[in-house]
Amino acid sequence: MTNLEPAYHLKDIRHYYGDKKVLDIDRLKIENGSITGLIGPNGSGKSTLLKLLAFAQKPSMGSILYKGRPELPFSSTVRSRVTLLTQKPYLLKRTVFENIAYGLKIRKEKNNIEKRVKKALLNVGLDYENFAARLWHELSGGEAQRVAMAARLILKPEVLLLDEPVASVDTESARLIREASLNARKLWGTTLVIASHDLQWLYSISDRQLSIFKGNIFSTGIENIITGPFEKQDKKTLIKNLEDGQIITLNLPEQTACTAIIKKKHISIDLEKQPGNGHLNQLSGHIASMLLEKKSETIMATISINDLSLILKLSPEKIRLLNLYPGKKVVLKFHAHDVEWI
Amino acid sequence: MDFIVAGFIKAFELLVSGDSSTWTAVWATLKVSTCSMLLSIGAGLPCGFLIGYFDFTGKKQLRTLLDTMLALPTVFIGLAVYAFISHQGPLGGLGLLFTLTGIAIGQTILAFPIVAAITASTIEGIDTDLKLTLVSLGAGKRNIIATCLWEVRFGILAAAVTAYGRVLTEVGISMMVGGNIKYHTRTVTTAIALETNKGLFANGIALGIVLISIAFIVNLSLSFLRKQ
Numbered sequence: 001m002t003n004l005e006p007a008y009h010l011k012d013i014r015h016y017y018g019d020k021k022v023l024d025i026d027r028l029k030i031e032n033g034s035i036t037g038l039i040g041p042n043g044s045g046k047s048t049l050l051k052l053l054a055f056a057q058k059p060s061m062g063s064i065l066y067k068g069r070p071e072l073p074f075s076s077t078v079r080s081r082v083t084l085l086t087q088k089p090y091l092l093k094r095t096v097f098e099n100i101a102y103g104l105k106i107r108k109e110k111n112n113i114e115k116r117v118k119k120a121l122l123n124v125g126l127d128y129e130n131f132a133a134r135l136w137h138e139l140s141g142g143e144a145q146r147v148a149m150a151a152r153l154i155l156k157p158e159v160l161l162l163d164e165p166v167a168s169v170d171t172e173s174a175r176l177i178r179e180a181s182l183n184a185r186k187l188w189g190t191t192l193v194i195a196s197h198d199l200q201w202l203y204s205i206s207d208r209q210l211s212i213f214k215g216n217i218f219s220t221g222i223e224n225i226i227t228g229p230f231e232k233q234d235k236k237t238l239i240k241n242l243e244d245g246q247i248i249t250l251n252l253p254e255q256t257a258c259t260a261i262i263k264k265k266h267i268s269i270d271l272e273k274q275p276g277n278g279h280l281n282q283l284s285g286h287i288a289s290m291l292l293e294k295k296s297e298t299i300m301a302t303i304s305i306n307d308l309s310l311i312l313k314l315s316p317e318k319i320r321l322l323n324l325y326p327g328k329k330v331v332l333k334f335h336a337h338d339v340e341w342i
Numbered sequence: 343m344d345f346i347v348a349g350f351i352k353a354f355e356l357l358v359s360g361d362s363s364t365w366t367a368v369w370a371t372l373k374v375s376t377c378s379m380l381l382s383i384g385a386g387l388p389c390g391f392l393i394g395y396f397d398f399t400g401k402k403q404l405r406t407l408l409d410t411m412l413a414l415p416t417v418f419i420g421l422a423v424y425a426f427i428s429h430q431g432p433l434g435g436l437g438l439l440f441t442l443t444g445i446a447i448g449q450t451i452l453a454f455p456i457v458a459a460i461t462a463s464t465i466e467g468i469d470t471d472l473k474l475t476l477v478s479l480g481a482g483k484r485n486i487i488a489t490c491l492w493e494v495r496f497g498i499l500a501a502a503v504t505a506y507g508r509v510l511t512e513v514g515i516s517m518m519v520g521g522n523i524k525y526h527t528r529t530v531t532t533a534i535a536l537e538t539n540k541g542l543f544a545n546g547i548a549l550g551i552v553l554i555s556i557a558f559i560v561n562l563s564l565s566f567l568r569k570q
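If you read the protein sequences in the order shown, they are chains S and E. For the first sequence, the numbering used here gives the first residue as 1, with consecutive numbering after it. For the second sequence, the numbering used here gives the first residue as 343, with consecutive numbering after it.
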């Protein structure tokens, strides 16, 4: 085992709830000390993946290597190193102090507990004198989430998994939780895996974005999903009719599949439609939003086409060239054969 | 109405004067109910935890059986225990018939399904995020079980209080297995039944007051503990 080993290496992971397959990942590596953003709609498998990474559940099939070694739930190696904060974490029916010190107590660490609790509370912007003695039900939603975060930070985890950590808290709590998670990486080199709908935050802090849909991971970040109903046009093509009369043409899947993925890299942007070529989709829409991806210095543009939103990456040069801005009418182009089916 | 008021006055006199027959019945009640509660909690709590916490084949059937046992009539339990511990029964040699131990056995059978079923329901109702939280904080299997039990302590207390109330107020088992022998196996409830039949309302009311007071003190103590 060396430091060069990734924090996680997932191999041939298949996970089922009953008969339903909820995760289908052939290979996935998460590097030590990295920040990975996990993007996907509700029910796509984000929480399940985080539970597997937290070793709170065992995958139905496949293996998870933690720093090069296959690990299972409750193994002593991972138990004290990996921690997960969920959207609505459970606070024990005890005081704030006891909640935060719980992890230390079960590790039988008895030194400087008060000092460490004080520091952990401070990390999330809570005052020890005012909060330590409070009971679990004497906290607001944001305070409870910050206490839960402090309970994890006190453990100085190697891996901190965050499942929608700021989805249901006030703005100030959200800011403090975000800061605290980044501090963990700065102070202890903690590997962060964050699932969030806050794309702006994720794109600004993460080294890498993973998109997840129906349990499938796309390591190229958020991708475009087109769901049915589709109509069969001929032996080789399907079409999807949009409400405004526009039509999307897609090559027929080889196997049974019902969801089409159009990767960002296959979509180009223009201001006018070009004549001819029936297999080139040309869809008119408006730029709904533009988001700077700090690491790559590219811009993620969301184009609204009737009830459909498509995303593509744009270089600053392209934006300057076409004079693009939110609200501008544009044409998106992609080939019918560039579709992938899941 | 006068006889009821007079009954209350007489009851107060009996209790204050330390009437031996009254206080012997109270003492016998406390002894058997405490003993049966300890036994039923000792057996019912782990059993309820196992049923509520783990998934196994036959769990549903076991729950149905347990829930059915909640409705066991005290006279039926009395009859069954009587049959077992009477001289002709398989445990006749132990000499348990018409003893407080015999009553305690019957009351344990009465309280066990209550403790087990309510504990199982409480454990089943544990927030699914609790286990995930404990795992993510590094808890091992033992820590998880201990913490889960501590988290649902009020539910388990409720199970114990419900069972205690049932045990304290039952007549059938005490009457059939204990035989209502004065100064020996007469409990508060059998005494109330007897005194009322004899028309001695004052004694009945006195014992009734004691019974309600015991229930009140138990609930008050638990309420205090809950606040702590």
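Hint data in this document are derived by calculation from the structure and do not stem from the laboratory. Even for Gly, the Cβ is constructed at its ideal location relative to N, Cα and C. Do not rely on the hints blindly, as some may be mistaken.
[To be verified] SDA-like, lysine to any residue: derived pairs with alpha carbons at most 25 Å apart:
#, chain 1, residue 1, chain 2, residue 2
1, S, Lys93, E, Phe398
2, S, Lys105, E, Leu491
3, S, Lys21, S, Ser80
4, E, Lys473, S, Ile287
5, S, Lys110, E, Arg484
6, S, Lys235, S, Cys258
7, E, Lys473, S, Trp341
8, E, Lys473, S, Gly142
9, E, Lys401, S, Gln57
10, S, Lys156, E, Lys473
11, S, Lys11, S, Trp341
12, S, Lys88, E, Thr504
13, S, Lys58, S, Arg27
14, S, Lys88, E, Lys401
15, E, Lys473, S, Ala167
16, S, Lys20, S, Pro6
17, S, Lys108, E, Phe398
18, E, Lys483, S, Thr95
19, S, Lys21, E, Leu433
20, S, Lys328, S, Asn216
21, S, Lys214, S, Ser75
22, S, Lys21, S, Glu243
23, S, Lys108, E, Thr504
[Stated by the list, open to error] Some residues of chain E that are not near chain S, with every Cβ distance over 12 Å (derived):
#, residue
24, Asp344
25, Ala348
26, Val358
27, Leu392
28, Arg405
29, Val477
30, Trp492
31, Arg495
32, Phe496
33, Gly507
34, Asn561
35, Leu564
Right, here's what the structure says about each hint:
1. S/Lys93 with E/Phe398: Since the Cα atoms of S/Lys93 and E/Phe398 sit roughly 29 Å apart, the hinted pair is violated (cutoff 25 Å).
2. S/Lys105 with E/Leu491: Holds, because 17 Å separates the two Cα atoms, which is no more than 25 Å.
3. S/Lys21 with S/Ser80: With Cα atoms ~30 Å apart, S/Lys21 and S/Ser80 exceed 25 Å; violated.
4. E/Lys473 with S/Ile287: Given pair E/Lys473, S/Ile287 is violated - Cα atoms ~44 Å apart, limit 25 Å.
5. S/Lys110 with E/Arg484: holds (19 Å)
6. S/Lys235 with S/Cys258: Judged against 25 Å, a Cα distance of about 16 Å means the pair holds.
7. E/Lys473 with S/Trp341: violated (37 Å)
8. E/Lys473 with S/Gly142: With a Cα-Cα distance of about 21 Å, the restraint between E/Lys473 and S/Gly142 holds, given a limit of 25 Å.
9. E/Lys401 with S/Gln57: Cα-Cα ~22 Å, so holds.
10. S/Lys156 with E/Lys473: Status holds; Cα separation ~21 Å.
11. S/Lys11 with S/Trp341: Holds, because 22 Å separates the two Cα atoms, which is no more than 25 Å.
12. S/Lys88 with E/Thr504: violated (32 Å)
13. S/Lys58 with S/Arg27: Within the cut-off at roughly 16 Å; holds.
14. S/Lys88 with E/Lys401: violated (30 Å)
15. E/Lys473 with S/Ala167: This hinted pair holds, its Cα atoms lying about 21 Å apart.
16. S/Lys20 with S/Pro6: Violated, at about 30 Å.
17. S/Lys108 with E/Phe398: violated (33 Å)
18. E/Lys483 with S/Thr95: Roughly 23 Å separates the two Cα atoms, so the pair holds.
19. S/Lys21 with E/Leu433: violated (57 Å)
20. S/Lys328 with S/Asn216: violated (33 Å)
21. S/Lys214 with S/Ser75: violated (29 Å)
22. S/Lys21 with S/Glu243: At roughly 32 Å apart (the allowed maximum being 25 Å), S/Glu243 and S/Lys21 break the hint.
23. S/Lys108 with E/Thr504: violated (37 Å)
24. Asp344: The claim stands: E/Asp344 keeps its Cβ more than 12 Å from every Cβ of chain S (closest is about 51 Å).
25. Ala348: holds (49 Å)
26. Val358: Since the minimum Cβ distance to chain S is about 43 Å, E/Val358 lies beyond 12 Å and the statement holds.
27. Leu392: Non-interface label stands for E/Leu392: nearest chain S Cβ at 19 Å, farther than 12 Å.
28. Arg405: E/Arg405 clear of chain S: closest Cβ-Cβ about 21 Å, beyond 12 Å.
29. Val477: violated (4 Å)
30. Trp492: Answer for E/Trp492: violated, closest chain S Cβ roughly 8 Å.
31. Arg495: Violated, because the least Cβ-Cβ distance between E/Arg495 and chain S comes to about 8 Å, which does not exceed 12 Å.
32. Phe496: At about 8 Å from chain S, E/Phe496 fails to clear the 12 Å cut-off, so the statement is violated.
33. Gly507: holds (25 Å)
34. Asn561: holds (20 Å)
35. Leu564: holds (16 Å)
The structure is inconsistent with the numbered hints 1, 3, 4, 7, 12, 14, 16, 17, 19, 20, 21, 22, 23, 29, 30, 31 and 32, although it conforms to all the rest.
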